[in-house]
Structure formats: structure tokens, C-alpha cells
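Chains A and B are the protein sequences, given in the same order.
For the first sequence, our numbering assigns the number 1 to the initial residue and increments by one for each residue that follows.
For the second sequence, our numbering assigns the number 1 to the initial residue and increments by one for each residue that follows.
FYI, nobody ran anything at the bench for these hints, they're computed from the structure.
Here a beta-carbon is modelled for each residue, glycine too, at the ideal position from N, C-alpha and C.
One should not assume that every hint holds.
Only pairs whose alpha carbons sit at most 27 Å apart, straight line, appear in this in silico DSS-like list of lysine-lysine [claimed, not checked]:
id, chain 1, residue 1, chain 2, residue 2
1, A, Lys79, B, Lys297
2, B, Lys297, A, Lys73
3, B, Lys79, B, Lys48
Ranges of calculated distance between the beta carbons of each label pair, as one might list FRET restraints [what the hints assert, rightly or not]:
id, chain 1, residue 1, chain 2, residue 2, range
4, A, Asn371, B, Leu349, 28 to 38 Å
5, A, Gly76, B, Asp49, 25 to 35 Å
6, B, Ala294, A, Asn293, 51 to 61 Å
7, B, Thr372, A, Glu72, 31 to 41 Å
Number of protein chains: 2
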Amino acid sequence: MFKLIHKDKTTKARLGKLTTAHGEINTPVFMPVGTQGTVKSISTQELKDIGAEIILGNAYHLYLRPGLEIIEKAGGLHKFMGWDRPILTDSGGYQIFSLATLRKLSDDGAEFSSHIDGSRHFITPEKAIDIQRTLGSDIMMILDECVHYPAARDYVEQSLALTTRWALRAKKHLDKIRAARDDRQLLFGIVQGSTYLDLRKKAVEDLLKIGFDGYAIGGVSVGEPENLIHEIAAYTAALLPEDKARYTMGIGMPTDIVEAIGNGIDMFDCVVPTRNGRNGQAFTWDGDIQLRNADRKEDFRPIDETCECFACRNHTRGYIRHLFNTEELLGLRLVSLHNLHFYVKLIRLSREAIRQDRFDAFKKEFLKKYNTKEK
Amino acid sequence: MFKLIHKDKTTKARLGKLTTAHGEINTPVFMPVGTQGTVKSISTQELKDIGAEIILGNAYHLYLRPGLEIIEKAGGLHKFMGWDRPILTDSGGYQIFSLATLRKLSDDGAEFSSHIDGSRHFITPEKAIDIQRTLGSDIMMILDECVHYPAARDYVEQSLALTTRWALRAKKHLDKIRAARDDRQLLFGIVQGSTYLDLRKKAVEDLLKIGFDGYAIGGVSVGEPENLIHEIAAYTAALLPEDKARYTMGIGMPTDIVEAIGNGIDMFDCVVPTRNGRNGQAFTWDGDIQLRNADRKEDFRPIDETCECFACRNHTRGYIRHLFNTEELLGLRLVSLHNLHFYVKLIRLSREAIRQDRFDAFKKEFLKKYNTKEK
Numbered sequence: 001m002f003k004l005i006h007k008d009k010t011t012k013a014r015l016g017k018l019t020t021a022h023g024e025i026n027t028p029v030f031m032p033v034g035t036q037g038t039v040k041s042i043s044t045q046e047l048k049d050i051g052a053e054i055i056l057g058n059a060y061h062l063y064l065r066p067g068l069e070i071i072e073k074a075g076g077l078h079k080f081m082g083w084d085r086p087i088l089t090d091s092g093g094y095q096i097f098s099l100a101t102l103r104k105l106s107d108d109g110a111e112f113s114s115h116i117d118g119s120r121h122f123i124t125p126e127k128a129i130d131i132q133r134t135l136g137s138d139i140m141m142i143l144d145e146c147v148h149y150p151a152a153r154d155y156v157e158q159s160l161a162l163t164t165r166w167a168l169r170a171k172k173h174l175d176k177i178r179a180a181r182d183d184r185q186l187l188f189g190i191v192q193g194s195t196y197l198d199l200r201k202k203a204v205e206d207l208l209k210i211g212f213d214g215y216a217i218g219g220v221s222v223g224e225p226e227n228l229i230h231e232i233a234a235y236t237a238a239l240l241p242e243d244k245a246r247y248t249m250g251i252g253m254p255t256d257i258v259e260a261i262g263n264g265i266d267m268f269d270c271v272v273p274t275r276n277g278r279n280g281q282a283f284t285w286d287g288d289i290q291l292r293n294a295d296r297k298e299d300f301r302p303i304d305e306t307c308e309c310f311a312c313r314n315h316t317r318g319y320i321r322h323l324f325n326t327e328e329l330l331g332l333r334l335v336s337l338h339n340l341h342f343y344v345k346l347i348r349l350s351r352e353a354i355r356q357d358r359f360d361a362f363k364k365e366f367l368k369k370y371n372t373k374e375k
Numbered sequence: 001m002f003k004l005i006h007k008d009k010t011t012k013a014r015l016g017k018l019t020t021a022h023g024e025i026n027t028p029v030f031m032p033v034g035t036q037g038t039v040k041s042i043s044t045q046e047l048k049d050i051g052a053e054i055i056l057g058n059a060y061h062l063y064l065r066p067g068l069e070i071i072e073k074a075g076g077l078h079k080f081m082g083w084d085r086p087i088l089t090d091s092g093g094y095q096i097f098s099l100a101t102l103r104k105l106s107d108d109g110a111e112f113s114s115h116i117d118g119s120r121h122f123i124t125p126e127k128a129i130d131i132q133r134t135l136g137s138d139i140m141m142i143l144d145e146c147v148h149y150p151a152a153r154d155y156v157e158q159s160l161a162l163t164t165r166w167a168l169r170a171k172k173h174l175d176k177i178r179a180a181r182d183d184r185q186l187l188f189g190i191v192q193g194s195t196y197l198d199l200r201k202k203a204v205e206d207l208l209k210i211g212f213d214g215y216a217i218g219g220v221s222v223g224e225p226e227n228l229i230h231e232i233a234a235y236t237a238a239l240l241p242e243d244k245a246r247y248t249m250g251i252g253m254p255t256d257i258v259e260a261i262g263n264g265i266d267m268f269d270c271v272v273p274t275r276n277g278r279n280g281q282a283f284t285w286d287g288d289i290q291l292r293n294a295d296r297k298e299d300f301r302p303i304d305e306t307c308e309c310f311a312c313r314n315h316t317r318g319y320i321r322h323l324f325n326t327e328e329l330l331g332l333r334l335v336s337l338h339n340l341h342f343y344v345k346l347i348r349l350s351r352e353a354i355r356q357d358r359f360d361a362f363k364k365e366f367l368k369k370y371n372t373k374e375k
């Protein structure tokens with residue numbers, strides 16, 4: 001499913017292709033986050049226009065609203081939301097541990113109350129697969145426990161043991177399904193282990209024994225210092241097999257993504273481009289800028305002079321500032337679109353640099369320019 | 001500036017072309033409302049895609065935010081908002097009488113407090129022209145007093161006399177400007193007179209003596225019964241010269257627009273497609289439907305089976321209902337877009353019917369289908 005195409009000679013960055021039921025994805029790749037079956041304020045056509053090859057959907061949210069019955073009747077998540085390119089769905093684990101209330105964790109699974117209406121639900125590793133099969137995503141994720149930072153070693157050991165047992169159950173469940181019918185949905189394992197490198201190593205070994213179509217590095221960017229994020233991601237990535245895609249969940253800022261690509265990570269998702277965009281924060285090649293500030297009033301430059309996105313080709317910082325000031329929805333829409341374009345372009349330029357064996361220079365140049373903050 | 005192209009043989013409907021500084025407009029025409037320099041939640045590209053030939057901007061709102069200084073520095077409203085097709089601006093009169101507070105009306109002009117920050121402002125008929133000249137709109141409207149319904153005859157007589165004096169001052173002010181420089185901004189007069197037909201007649205006579213580039217019928221759809229709207233618009237339209245464009249301000253629902261076209265009206269603006277769209281109300285050829293209702297959950301038809309808009313080509317009622325239910329902005333955006341497309345298409349089909357001398361049949365067929373409400 002994953003084909004390694006080229007390894008950068010200056011870093012651990014790599015080019016690859018991942019084949020899914022809805023087409024090929026070039027890696028490294030950034031996946032815009034479509035939590036509730038829509039990338040917030042952005043149309044599917046705009047996602048295609050900026051070159052998004054795959055998006056992420058949240059099983060937890062979609063399971064609660066609109067519910068599986070409706071998505072099944074619609075013919076799956078792709079048809080429900082009108083998106084014909086690949087979709088990765090998370091298992092819902094992260095949301096159960098961050099959004100839901102009254103959690104009861106047992107060896108069997110996770111019981112929780114919906115953050116929307118308080119209704120009780122019970123998710124097992126098998127059910128997490130069934131939910132994602134109903135959604136029909138191209139890449140499914142196993143149910144895991146995402147441990148926040150800091151976490152005591154004892155707790156992490158126990159949690160990791162549970163995550164590994166769940167991973168095995170998820171894989172066995174899918175094996176049965178695959179034995180019964182032709183199935184093209186991929187399943188990724190998730191490496192946990194918090195900041196304990198030996199536990200990360202054990203997690204990788206256990207997951208590799210089970211065998212997955214790709215591997216995510218979970219439990220990073222959960223509150224730990226930035227250098228730890230990259231240290232753990234780099235350490236874990238180096239343990240993973242070359243012939244499988246590697247995905248760091250929820251990373252991150254543009255600088256984080258460039259670092260992670262250099263450490264051999266292939267796949268990224270993050271709410272930052274849209275969430276920060278809705279607050280008026282725009283990413284430029286000279287760093288991020290805040291468009292709601294009063295000093296943007298008479299700034300008639302585009303968000304980024306070198307950007308080709310719709311917002312930059314047609315609108316100015318001053319206009320977008322006016323839209324935020326008057327609470328016009330077009331404002332957050334334009335900045336979200338620009339930010340997504342920026343992320344996808346950053347990845348595209350990274351790919352070119354890898355192809356030309358100059359990713360280290362590209363990374364250094366990007367970070368230097370991005371961090372000067374002369375705007 | 002206005003060229004009458006064809007008169008329907010079955011009604012008073014007419015085809016025309018209005019030439020402005022930013023290009024020709026085919027009439028009848030619908031103008032999406034861009035109150036604050038943006039048609040709410042819709043991009044300029046989407047406006048072009050649905051075939052919008054001209055949009056409306058609100059002088060009152062733009063004067064207060066971002067303010068004339070900023071728009072002037074940006075090079076006018078077209079450049080400020082990134083729209084290169086014609087723009088009509090209202091004078092601000094309607095908003096002064098509906099939104100602003102602490103109004104003091106004198107023969108000289110209108111003093112009012114901003115609804116945003118309470119700041120005091122004073123607008124004269126001349127200043128209303130100057131504001132719209134700074135905005136650089138293609139069609140300017142005179143400052144008038146828009147009388148609400150019901151209004152005592154005495155009050156309407158006095159108000160109308162004021163509006164007429166203001167109209168003369170506005171025209172004289174523009175004449176001076178035009179004498180000094182080449183100016184291509186058109187100025188429309190506004191016929192007031194409430195529901196008193198003889199006062200409407202007098203208003204037309206007085207305005208014709210002054211002479212404008214086009215004539216609006218104001219003070220309709222301000223609370224009076226629906227039949228009165230059409231009675232007054234029809235009566236007034238018949239008094240207006242054939243060789244000038246006629247515009248009913250703020251009309252209205254699709255059925256109102258079709259009626260008004262049949263009565264010889266050429267130009268329309270209304271917030272209904274976007275405002276109602278934001279509340280989940282969608283217009284279809286079989287009448288309007290509410291997409292937020294729970295019974296839309298499993299309705300996987302497009303909003304309108306026969307519609308070619310982006311929303312109908314790509315999304316279902318059930319999906320849009322989900323977007324509203326989860327407060328996703330794409331929902332109100334899709335319905336706003338669909339509704340604007342519906343209005344523009346309704347006008348385009350009206351034009352075809354006029355060209356073929358079958359507008360009466362078109363109108364009857366449209367109204368019959370629209371009012372059956374079998375959805």
C-alpha cells in the first residue's frame with residue numbers, strides 16, 4: 001500500500017505514495033481536519049483547488065452527530081459529505097479522553113457520556129473498527145488511550161499495555177472481516193508510551209508483531225515542551241519500518257511539520273490552519289501575523305505577497321481586517337483557506353526539496369525566514 | 001445609459017441594458033446585497049459563478065466601518081472589496097431611519113447616532129453624494145426619507161416635500177461635480193409617497209422635472225399588505241419614463257419579484273436569499289423549504305433537483321441539515337449560495353420569457369408551481 005519513492009540524502013525525510021480505496025496520496029502529506037464531516041467554513045471544491053489529497057474525519061463526532069445510521073443510509077462518509085478523495089478517520093479515542101465526560105475505562109473498552117447531550121456510549125476496539133467501516137474511511141485508526149503530559153511511568157506502563165491489547169483485538173477483528181470479504185480500508189496502529197523512550201520502543205515492537213498498514217505516533221503534542229515532541233517523534237520514527245507510512249497525530253505548527261518531515265514522518269493533520277484562521281491568525285513565509293489588529297486597517301498588501309491562494313490573489317489584509325471587525329464570515333473563511341493553502345504548499349515544497357536531496361537546506365531556510373518576524 | 005431592448009407583449013415586463021462605469025447590466029437584474037463590503041459568507045468568485053452582474057453596498061454601514069478614509073486609500077469600494085463588476089450604493093437614508101438612533105431630521109439633513117458606537121453624524125443630501133462618490137459606486141441613490149407603513153397623509157406630504165427638496169439639492173450638487181470633471185457615476189431618484197397614489201404621482205412629476213439617470217420606487221415593502229406593494233409599484237412604474245431603469249428597493253420574495261417584473265420593474269435587491277439562507281430556508285422551484293427540520297435528516301436529495309448550483313451539484317438536504325445541526329458555517333454558506341443562484345436564475349429565466357413574449361405564462365406557471373408546496 002505504501003511505496004517509498006525517495007530518501008533525502010541530507011535528512012531522514014522521505015517521499016512516498018500511499019494507495020487507498022479512493023486513490024493515491026503523495027507523502028509527505030497534510031490532512032485538513034474535517035471534524036464533523038466538513039473542514040470548517042471551507043468547501044470540498046476549495047479543498048481540491050488548494051491541492052488537498054486527503055482529509056481527516058473524527059469518528060467520535062460523526063458517531064454522535066449525525067450518527068452512523070444516517071451516514072450508512074447516505075452510502076458512507078464520502079457520499080454524505082460530497083468528498084471523493086481519501087479520508088482518514090481517527091478512532092474516537094482522543095475525543096473520548098479530551099471531550100467526553102464521565103469516562104469509565106475497562107479492559108473491555110471505554111464508556112463515556114456525550115459532550116453534546118450526556119447520552120451514555122460504550123466503545124470497544126472492535127466497535128471502533130465497525131464505526132470506521134460504516135464511515136467507509138480509507139484509513140482507520142485503532143482505539144487507544146492517549147496519555148497526556150506529564151504522566152507517571154506506572155500509569156503509562158499500564159495504559160500502554162491496554163492500548164496494545166486493544167490494538168491486537170482491533171487487528172484480529174479486522175482480519176476476520178477481511179477473510180470474509182474484499183476490503184480495502186487500511187488500518188494504522190498508534191504508538192503510545194508518553195515521554196518514556198523505552199516504552200515507545202516496546203510499543204513499536206508490540207505493534208510490529210501485530211502488523212498494521214501504517215503507524216501513527218500518538219501522545220505527542222499533548223502538553224510537553226516542543227523539543228520533547230521532536231525528540232520522541234524522531235526516536236519513534238527511526239524504529240518504524242521503512243516500507244510503512246508514518247503519521248504524527250495533531251502536529252502541528254508549520255515549523256513543527258518541517259522538523260517532523262526531516263525526522264522521517266510522512267503524514268500530518270492539525271486544526272491549526274482553520275482554528276487559528278477563524279481567529280484571524282494567518283501563516284506567511286515570514287511567520288504568522290494577526291489580521292484583526294487595528295494596524296492592519298490600511299494595510300493593502302495581500303496576506304502573503306508570494307501566495308497564490310484565492311484570498312491573496314483577490315483581497316488585502318485591510319479588507320480582511322474589516323471583515324473580522326464587522327464579524328463578516330467571509331473573513332474567517334478567507335484566512336482559513338489561505339492557511340490551508342499555506343500548509344499544503346509547505347508540504348509540496350518540502351516534497352520538491354526531498355526529491356532534490358536538499359531538504360536540510362530547505363528546512364533551515366524556511367525556519368530562518370519564518371522566524372525573522374519582520375512583517 | 002439605459003437602453004430598452006424589448007417589451008413583453010403579454011405584460012408590462014421589459015428587457016433592457018444599463019451601461020455603467022464597470023460594464024453593462026442586463027435588466028431585469030437582481031442585485032445581491034453586500035451590506036458591509038461583502039455579500040454575507042459568499043466570495044466574489046462565487047458571485048461571478050452564479051452570474052451576479054451587479055451587487056449593492058450600503059453607504060451607511062461602509063461610512064461607519066471601515067470609514068471613508070480607508071476605502072478612499074484603498075482606491076474605492078471596488079478595489080477595497082475585490083469586485084470589478086458594477087456596484088449600486090444606497091444613500092444611507094433607509095438605515096438612518098431604521099438602524100441609527102437619536103435621529104434629528106431638519107431641512108438641512110439628518111443627524112443620527114451610530115448603532116455601533118453611538119458616535120454622532122450629520123448627513124446632508126450633498127454629503128450622501130460625496131460619500132457615494134468616495135465609495136465610487138456605479139449607481140448612487142439620493143438621500144430620502146423612507147416612511148414606514150402606516151403613515152398619516154399629513155406626515156407623508158411633509159416628508160415627501162423634504163425628500164423632493166433633498167433630491168433637487170443632490171442633483172444640483174452632482175451637476176456641479178459633473179461640470180468640473182468627467183464623471184460616470186449614475187444617480188437615481190427615489191419615488192416616495194407611501195400608499196397615497198396621488199402623492200406617488202406628484203413625487204414622480206417632481207423627480208422627472210429634476211431629471212435622474214434612473215428611478216427607484218422606495219417606501220414599498222415597509223410593512224404594508226402584499227397586494228398594496230404590487231399595486232403601488234405597478235401604479236408608480238406606469239408613470240415613469242420608458243427610457244430609464246426602474247428599481248424597487250428591498251423587494252423581495254421570489255413571487256414578489258416575478259410580480260414586479262410583470263409590472264415593468266427592472267432592478268431588484270433583497271437580503272432574503274442570504275438572510276433566510278443563514279436560517280436554513282432554501283428556495284426551490286416548488287416553493288421554499290426549511291433545511292434545519294429533523295425530517296430532513298435522511299433526505300438525500302439536493303435542495304432542488306433541477307438546480308445547477310454548487311450546493312445542489314455536490315450536497316444533499318440531509319448533509320446541509322447536519323451542518324446546521326452542528327453549527328458548521330458551511331451550512332449557511334451553501335444555502336446562501338443556492339438562494340442567490342436561485343434568484344439570479346429566476347431573473348435569467350424571466351428575461352428569456354420576456355424575449356419570447358411569454359412572460360405572463362411564465363409568471364403564472366412559476367407562481368403555480370412555487371405555491372403548491374409539495375416538497
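Which of the stated hints cannot be reconciled with the structure, identified by number in ascending sequence?
-> 4, 6
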